[in-house]
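Visitor: First to last, the sequence lines map onto chains A and B. By the count of full-length UniProt numbering, the first sequence reaches residue 183 at its end, each step adding exactly one. By the count of full-length UniProt numbering, the second sequence reaches residue 183 at its end, each step adding exactly one.
Honestly, I wouldn't trust all of these hints.
As the list makes no split between identical chains, a pair holds if one copy fits it or if it spans any two.
Below, a list of computed lysine-lysine pairs in the DSSO-like style, where the Cα atoms sit at most 30 Å apart [unchecked claim]:
1. 76 to 39
2. 180 to 16
3. 15 to 180
4. 104 to 39
5. 124 to 39
6. 15 to 76
7. 180 to 39
8. 129 to 19
9. 129 to 15
10. 180 to 19
11. 113 to 161
12. 129 to 39
13. 16 to 129
Calculated directly from the structure, the hints in this document are not laboratory data.
Protein chains: 2
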Amino acid sequence: MSIYKKEDPRAIRSKKMLKNAVFSLITEKLDISQLTVQKIAERAELNRATFYLHYEDINDLLRQIVHEIFDDLSMKIDPLLQGKSNNEQETLVTFLNYLYEYRKIFAVLFEHKGFKNNMFNLLKNTIEKRRNVRKIQYTREVVSVDIIASSLLGIIMWWIKDGTQFSSEYIADQISLMYKKGI
Amino acid sequence: MSIYKKEDPRAIRSKKMLKNAVFSLITEKLDISQLTVQKIAERAELNRATFYLHYEDINDLLRQIVHEIFDDLSMKIDPLLQGKSNNEQETLVTFLNYLYEYRKIFAVLFEHKGFKNNMFNLLKNTIEKRRNVRKIQYTREVVSVDIIASSLLGIIMWWIKDGTQFSSEYIADQISLMYKKGI
DNA sequence: TTGCTTTTTCGACAGTGTGTCAATAAAATA
DNA sequence: TATTTTATTGACACACTGTCGAAAAAGCAA
Numbered sequence: 001m002s003i004y005k006k007e008d009p010r011a012i013r014s015k016k017m018l019k020n021a022v023f024s025l026i027t028e029k030l031d032i033s034q035l036t037v038q039k040i041a042e043r044a045e046l047n048r049a050t051f052y053l054h055y056e057d058i059n060d061l062l063r064q065i066v067h068e069i070f071d072d073l074s075m076k077i078d079p080l081l082q083g084k085s086n087n088e089q090e091t092l093v094t095f096l097n098y099l100y101e102y103r104k105i106f107a108v109l110f111e112h113k114g115f116k117n118n119m120f121n122l123l124k125n126t127i128e129k130r131r132n133v134r135k136i137q138y139t140r141e142v143v144s145v146d147i148i149a150s151s152l153l154g155i156i157m158w159w160i161k162d163g164t165q166f167s168s169e170y171i172a173d174q175i176s177l178m179y180k181k182g183i
Numbered sequence: 001m002s003i004y005k006k007e008d009p010r011a012i013r014s015k016k017m018l019k020n021a022v023f024s025l026i027t028e029k030l031d032i033s034q035l036t037v038q039k040i041a042e043r044a045e046l047n048r049a050t051f052y053l054h055y056e057d058i059n060d061l062l063r064q065i066v067h068e069i070f071d072d073l074s075m076k077i078d079p080l081l082q083g084k085s086n087n088e089q090e091t092l093v094t095f096l097n098y099l100y101e102y103r104k105i106f107a108v109l110f111e112h113k114g115f116k117n118n119m120f121n122l123l124k125n126t127i128e129k130r131r132n133v134r135k136i137q138y139t140r141e142v143v144s145v146d147i148i149a150s151s152l153l154g155i156i157m158w159w160i161k162d163g164t165q166f167s168s169e170y171i172a173d174q175i176s177l178m179y180k181k182g183i
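Full structure from sequences and hints, please.
Guide: In C-alpha cells, the structure reads:
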C-alpha cells in the first residue's frame with residue numbers, strides 16, 4: 001500500500017506514538033486484558049478517536065505489532081537456517097537470545113492468539129526446512145512436525161514467562177538433550 | 001468453610017446456575033474475552049448483583065470452576081499413578097481421553113493463567129512422582145522436569161485447540177516416541 | 001511564502017459493562 | 001407460625017467503546 005501512495009507523515013507519527021504507547025504500557029503493567037484504547041491514547045498523548053482512524057480495534061493494532069516483530073525475527077533467523085549451519089546449537093541459542101531480549105513484550109504477546117499461531121508456524125516451517133535438507137524419510141517412527149513445534153512452543157512460553165532465571169544456553173542444551181536422546 | 005457452617009441452599013442454587021451459565025456460554029461462543037458478568041447473569045436468569053454476592057469477579061468464578069475440574073481430574077489420574085502401572089501408554093491415553101472429553105471447556109480455560117499453571121504443576125508433580133518411583137539419578141544428562149512439563153503442556157494445548165482430528169492414542173504414541181527415542 | 005486542499009484531530013453522544021447500595025423479598029429454622 | 005437470616009433487586013456513578021460533524025493543522029503546488 002505504501003508502494004502506490006506515500007503515506008502522510010502525520011499518520012506515520014501517530015501510529016508510531018500509539019505503538020510506543022502499547023510497548024510502554026505493556027512493559028510496565030504486563031497484562032493484555034487490562035489494555036484499553038483509552039489508556040493507549042492517553043499514553044500516546046492523542047485523542048482516542050485518532051486511534052480509530054488508524055486501527056479497527058486493539059487486536060488490529062496488536063496484529064500489526066506482531067507482524068512487524070515477526071518480520072524482524074524471521075529476517076534474523078533465516079540466514080542462520082539458509083547457511084546450512086552445521087551447528088544446530090548455535091542457531092538455537094541465537095534464536096533464544098532474540099526471544100530473551102524482548103521477553104517482556106513477548107510474554108504479553110503470547111496471550112494473543114494470532115501471535116501464538118505465528119510462532120507455531122515459524123517453528124513448524126523451520127523444522128520442515130531442516131528435515132528437507134537432511135532428506136529425512138517419513139516413517140511411522142518419525143515424530144510429527146506438529147508435535148515437535150507445539151512442544152517447542154510450550155517450552156518457550158514457559159521459559160519466557162516463568163523461567164527467565166535460566167540462560168538461553170541452558171534451555172538450548174535441555175532442548176537438544178530431550179530431542180536427541182529422549183528423556 | 002462448608003465444614004463449619006451449612007451453606008444456604010439458595011446460595012448453592014445460584015452458584016450452580018451461574019456456573020452452568022458459564023459452561024453454556026463458553027461451549028457456544030468459545031472466547032473467554034467476550035465473557036461478561038452481564039451475559040452470565042442474563043443466561044443464569046439472575047440479577048447481575050447476585051453474581052457479585054457470590055463471586056468477586058469473572059476471574060474468581062473461573063478460578064473456582066478450574067479448581068473443581070482439577071479436583072476431578074486429579075482424582076481420576078491419581079489411582080492410575082499410584083497403581084504403579086507398568087503400562088505408561090495406557091495411563092497417558094486415559095489422561096488424554098479425559099482432556100478430550102471436555103476439550104471445549106478446556107480450550108477456553110487454557111486462556112486462563114491460573115488454569116495453565118494448575119495443569120503445569122499437575123504434569124510436573126506427576127513426572128516427579130514417576131521419577132522417584134524409578135529412582136532416577138539426577139545427572140547433567142537428565143532433562144529437567146520443567147522442560148518436560150512445559151513441552152507436554154504445549155502439545156496438549158495445541159492438540160485441544162487445533163489438533164482435535166487426532167486421536168488420544170495417536171498423541172500418546174507420538175509423545176512416547178519423542179520422549180523415548182528423541183526426534 | 002501564500003493560499004488551497006487534504007487529512008488529522010477533536011469534543012460530544014449513545015450504548016454497553018462494572019461494581020456497590022439501601023431497600024425489599026423470600027427462604028430457613030426455631 | 002413467627003422471627004431471623006440471607007438472598008435478591010433496581011438504581012447509581014463511573015469506565016470503556018465506537019462513531020459523528022466541525023475545527024484545526026499539516027501538506028503541497030505555484
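Visitor: For each hint, tell me whether it holds in the structure or not.
Guide: Hints versus structure:
Taking the closest pair of Cα atoms, residue 76 and residue 39 never come within 30 Å of each other, the shortest separation being 32 Å inside a single copy and 45 Å across copies. In this homomeric assembly, residue 180 and residue 16 never come within 30 Å of each other (Cα to Cα): the closest approach is 44 Å inside a single copy and 49 Å across copies. In this assembly of identical chains, residue 15 and residue 180 lie within 30 Å of each other by CA distance neither inside one copy nor across copies; the values are 45 Å within and 50 Å between. Within a single copy, residue 104 and residue 39 get their C-alpha atoms as close as 19 Å, which meets the 30 Å cut-off; across copies the closest is 33 Å, which misses it.
Neither within a single protomer nor between protomers do residue 124 and residue 39 lie at most 30 Å apart by alpha-carbon distance, with minima of 36 Å and 38 Å respectively. For a Cα distance limit of 30 Å, the shortest separation of residue 15 from residue 76 inside one copy, 24 Å, qualifies, whereas the shortest one across copies, 52 Å, does not. Proximity of residue 180 to residue 39 under the C-alpha cut-off of 30 Å is found in neither arrangement, the shortest distances being 47 Å within a copy and 50 Å between copies. Taking identical chains as interchangeable, the C-alpha atoms of residue 129 and residue 19 are never at most 30 Å apart, the minima being 33 Å within one chain and 46 Å between chains.
For the homomeric pair residue 129 and residue 15, neither the shortest alpha-carbon distance inside one copy (35 Å) nor that between copies (52 Å) is at most 30 Å. With identical chains, the CA atoms of residue 180 and residue 19 are never at most 30 Å apart, being 41 Å at best within one copy and 45 Å at best between copies. Within a single copy, residue 113 and residue 161 get their C-alpha atoms as close as 16 Å, and across copies as close as 11 Å, so both meet the 30 Å cut-off. For a Cα distance limit of 30 Å, the shortest separation of residue 129 from residue 39 qualifies neither inside one copy, at 42 Å, nor across copies, at 47 Å.
In this assembly of identical chains, residue 16 and residue 129 lie within 30 Å of each other by CA distance neither inside one copy nor across copies; the values are 35 Å within and 51 Å between.
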